[in-house]
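Asker: For reference, the chains in residue letters:
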Amino acid sequence: MTKRKRTATASKVLASSSAIAATVVTTGALATRDQALANAKAERSTVVGVLAPQPIVVPAAPRIVYVHRSGLPQSNGRAGTRAPGDAPNNGTAVGPATGQPGGGPAAGKGALTQPPAAGSGTGSGGATNPTNLGRGGNSASPSRTTPTTHPPTTNGGSGGASSTPTTGIHVAPPPITRPAPPPPPPPPPPTTSSGGSAPK
Amino acid sequence: MGSHFWWYLSRASGTVAFGVITSSVAFGLVLSTRLFGRSVAPAWLMEMHKFLGILGIIATGIHMGSLMADNYAPFSLADLLIPFATHWKPGAVAWGVLAFWLLTTIQISSWCMKRMPRAVWHAIHMTSFVLFASAMVHGLLAGTEGKLQVAKIVAIATTMTVLFLGVVRVLAPRRAQRKQTRVAPAAATRQAATPTREAARSR
Numbered sequence: 001m002t003k004r005k006r007t008a009t010a011s012k013v014l015a016s017s018s019a020i021a022a023t024v025v026t027t028g029a030l031a032t033r034d035q036a037l038a039n040a041k042a043e044r045s046t047v048v049g050v051l052a053p054q055p056i057v058v059p060a061a062p063r064i065v066y067v068h069r070s071g072l073p074q075s076n077g078r079a080g081t082r083a084p085g086d087a088p089n090n091g092t093a094v095g096p097a098t099g100q101p102g103g104g105p106a107a108g109k110g111a112l113t114q115p116p117a118a119g120s121g122t123g124s125g126g127a128t129n130p131t132n133l134g135r136g137g138n139s140a141s142p143s144r145t146t147p148t149t150h151p152p153t154t155n156g157g158s159g160g161a162s163s164t165p166t167t168g169i170h171v172a173p174p175p176i177t178r179p180a181p182p183p184p185p186p187p188p189p190p191t192t193s194s195g196g197s198a199p200k
Numbered sequence: 001m002g003s004h005f006w007w008y009l010s011r012a013s014g015t016v017a018f019g020v021i022t023s024s025v026a027f028g029l030v031l032s033t034r035l036f037g038r039s040v041a042p043a044w045l046m047e048m049h050k051f052l053g054i055l056g057i058i059a060t061g062i063h064m065g066s067l068m069a070d071n072y073a074p075f076s077l078a079d080l081l082i083p084f085a086t087h088w089k090p091g092a093v094a095w096g097v098l099a100f101w102l103l104t105t106i107q108i109s110s111w112c113m114k115r116m117p118r119a120v121w122h123a124i125h126m127t128s129f130v131l132f133a134s135a136m137v138h139g140l141l142a143g144t145e146g147k148l149q150v151a152k153i154v155a156i157a158t159t160m161t162v163l164f165l166g167v168v169r170v171l172a173p174r175r176a177q178r179k180q181t182r183v184a185p186a187a188a189t190r191q192a193a194t195p196t197r198e199a200a201r202s203r
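Chains as they are written, first to last, in this note's numbering: chain A, 1 to 200; chain B, 1 to 203.
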């Protein structure tokens, strides 16, 4: 066999074995890679799992607490209560105290599909004392179906004063006196001079 | 590997077939352009060019046979031999079918080269560029590895190599011209050295 033929044969053997080796190695590499990808995918699906459904939280309607003059908190949406300034106990009111009805419907902004709840509070009791005004009822509670962004409805207007003069004898209640502002702090004691000592 | 052995084998053999066919095309172009001159024996280049062609057919046969044996993407013989016959990526597979038919035609024409006109053989042999391009497109579109970055790099590198050799092949002087340029000076020298018969008679 000549050198040229030996070289050609060796080259062919080399090419054939290279092709076979490449096929085997590539097959193994593809299988390994696909297996790794499948494992990674399975691991991801195991770790993540199924997301638990999150509860839908609907925030309640804003609850604004108004503080009554008497100091008791009065929540929005309740029926009107009698205002202070009722007839004093030592007086006898003869005529029915017919106070004017409370203010009109609250002009709250409702949702587009749900009109705001109309205020329907009525004043309940004008005081016999014309100086005191009854307080109108608050507007009704906002509808539950209104969106959570429903603004707070405004309160009804204040009740009117009694239109009919009372015939009973009554003593004018003591005027409402606002608590006097706290007295100013006493002036600081005068600084004692370092003069002479007190006489004995 | 398990049940997907044939699927992996088909992918691997397809990749190897593309590499072998590309090498065969490159060897043929190097042979025809005499790019390396006398440093590489033309006979060895010719032997390797022919052998790699046969090896490419064998690798392609393994590729198609394993596709038929696999049940992951079942292919019938008609799916592999008729373009657009398959339902699995018919366009991408059609490029492979075209490459297979071109490879077969080129190889058979090379075996029958002495029994056919050289111009016809040469015209058929030139379709090896189309074979290379269609095989590469088939690999990129149908192959699972076609989306990998390394596959794109290999595709670009092989395309540039074959393109460069093709340009050299076109720009290089043809064999007939080379013979003429080689023969003409030698004849002139001979003519100058040996006196013609007429000149001798006149003496």
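Be careful, since some hints might not be right.
Here are the simulated lysine to any residue pairs, SDA-like style, with alpha carbons at most 20 Å apart [what the hints assert, rightly or not]:
#  : chain 1 : residue 1 : chain 2 : residue 2
1  : B       : LYS152    : B       : PHE164
2  : B       : LYS50     : A       : ALA15
3  : B       : LYS50     : B       : LEU148
4  : B       : LYS147    : B       : PHE164
5  : B       : LYS50     : A       : LYS41
6  : B       : LYS50     : A       : SER16
7  : A       : LYS5      : B       : GLY19
8  : B       : LYS89     : B       : GLY143
9  : B       : LYS50     : A       : ARG4
10 : A       : LYS41     : B       : HIS4
11 : A       : LYS5      : B       : ARG38
12 : B       : LYS147    : B       : GLY65
13 : A       : LYS5      : B       : VAL137
Output of the computed footprint for chain B on chain A, the stretches with three or more beta carbons under 8 Å from beta carbons of chain B [said to hold, decoys possible]:
#  : stretch
14 : 12 to 22
15 : 30 to 37
No lab work stands behind these hints, which were simulated from the structure alone. We put the beta carbon where it would ideally sit given N, CA and C, even for glycine.
Asker: Tell me the hint numbers this structure goes against, listed in increasing order.
Answerer: Violated hints: 3, 4, 5, 7, 12, 13; rest satisfied.
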